[in-house]
Amino acid sequence: MNIQDKTQIDLLKTKIDNSRKVIIVPHNNPDGDALGAALGLYNTLRNMDKEVTVISPNEFPDFLNWMHGVNEVLIYDKSIKKSTKLIKESELVIFVDFNSLTRIKLMGELFEQDDTPRIMIDHHPFPDANVAQLQISVPEASSTCELLFHVLNEAGLKDAVTKEAAECIYAGIMTDTGSLNYNSNRPETYLIVAELLRMGIDKEHIHHMIFHNNSFDRMRLLGHALGEKMERLPELKTAYISLSQEELKRFNFKPGDTEGFVNQALWIEGVNLSALFTEKKDLIKISFRSRGGFPANKFSETYFNGGGHFNAAGGESKLKLDETVERFKNVLKEFCDANGFN
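full-length UniProt numbering puts the first residue of the sequence shown at 1, with every later residue one more than the last.
Keep in mind the hints are simulated off the structure, nothing from the lab.
Among the hints, a few may not be true.
[What the hints assert, rightly or not] Ranges of calculated distance between the beta carbons of each label pair, as one might list FRET restraints:
1. 81 - 216: 35 to 43 Å
2. 270 - 113: 44 to 52 Å
3. 105 - 216: 47 to 55 Å
4. 74 - 333: 31 to 39 Å
5. 106 - 66: 23 to 31 Å
6. 140 - 232: 16 to 24 Å
7. 310 - 11: 23 to 31 Å
8. 109 - 211: 34 to 42 Å
9. 78 - 178: 28 to 36 Å
Ideal placement from N, C-alpha and C gives every residue a C-beta, glycine not left out.
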């Protein structure tokens with residue numbers, strides 16, 4: 001894996017060695033890669049006798065509740081005063097799986113005022129210059145968890161990675177690659193998975209806890225999404241799902257219940273772009289997945305104030321749900337015509 005400047009690893013090792021109190025922060029609405037990286041690093045640093053706290057901007061999905069250390073995660077929007085105190089008392093803050101302070105919502109405003117040394121470990125392209133003093137950014141990595149393991153190994157900290165940390169790291173790789181179905185063509189990814197297996201992880205158990213541990217309500221919501229809400233645009237090789245707040249409420253929605261929904265339409269022959277529109281309180285959250293040469297990140301960045309990876313991106317809209325979907329159809333045709341995706 002290409003980390004352009006080896007001095008970055010040396011500096012990271014020095015900062016960790018010289019810091020006793022460490023804060024780890026994943027992005028808002030943390031997924032498997034974000035929480036896996038946070039808890040993988042948490043368990044590793046705890047094994048090095050550091051005082052470590054993971055502070056998540058908000059709640060994370062129930063299917064990640066099995067990870068070791070998850071009960072110690074502090075939720076910022078429920079414990080703002082305590083979180084702020086811990087951050088101000090910390091000697092080092094490590095951001096994982098995001099590269100802009102906007103990705104941690106209200107916490108970002110706190111760090112704009114805080115001068116605690118910060119490290120960013122992330123695999124998303126185009127990091128903001130002000131997010132951290134030390135930025136380890138490798139967009140070609142399958143996941144932040146893959147990058148994290150590589151960084152720990154290069155820094156000579158592999159022996160501190162416990163089995164529990166390895167389980168969290170494996171979970172992040174699996175969730176961010178759809179069980180190695182996409183963004184996983186690099187041999188290095190599989191070499192790291194092999195290393196994690198040698199450390200004793202039970203991959204069958206991890207897969208069960210993440211992918212085969214759904215609530216009854218989530219499965220009913222998925223059935224509704226596929227059976228009633230999925231629409232196809234064959235001329236644009238696209239399919240999409242839109243879910244309103246009323247629909248989510250009807251199926252007792254919990255954070256993480258729509259995880260993976262956006263991937264479903266890519267199983268349809270002839271579909272190269274899939275989109276999921278989810279109505280939140282003050283905006284429409286949008287997820288994009290693509291295959292082949294369609295640049296999901298460029299499309300999202302151009303029209304929906306988003307970005308991400310080439311085949312996996314996110315965005316948002318301040319319009320109403322139906323207006324957002326209509327705009328999506330219009331700008332998608334515009335984008336396809338302009339870029340030859342007909």
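Next item on the list: Could you tell me which of the hints above the structure violates, numbers in ascending order?
Entry: Those not satisfied are hints 3, 4, 6.
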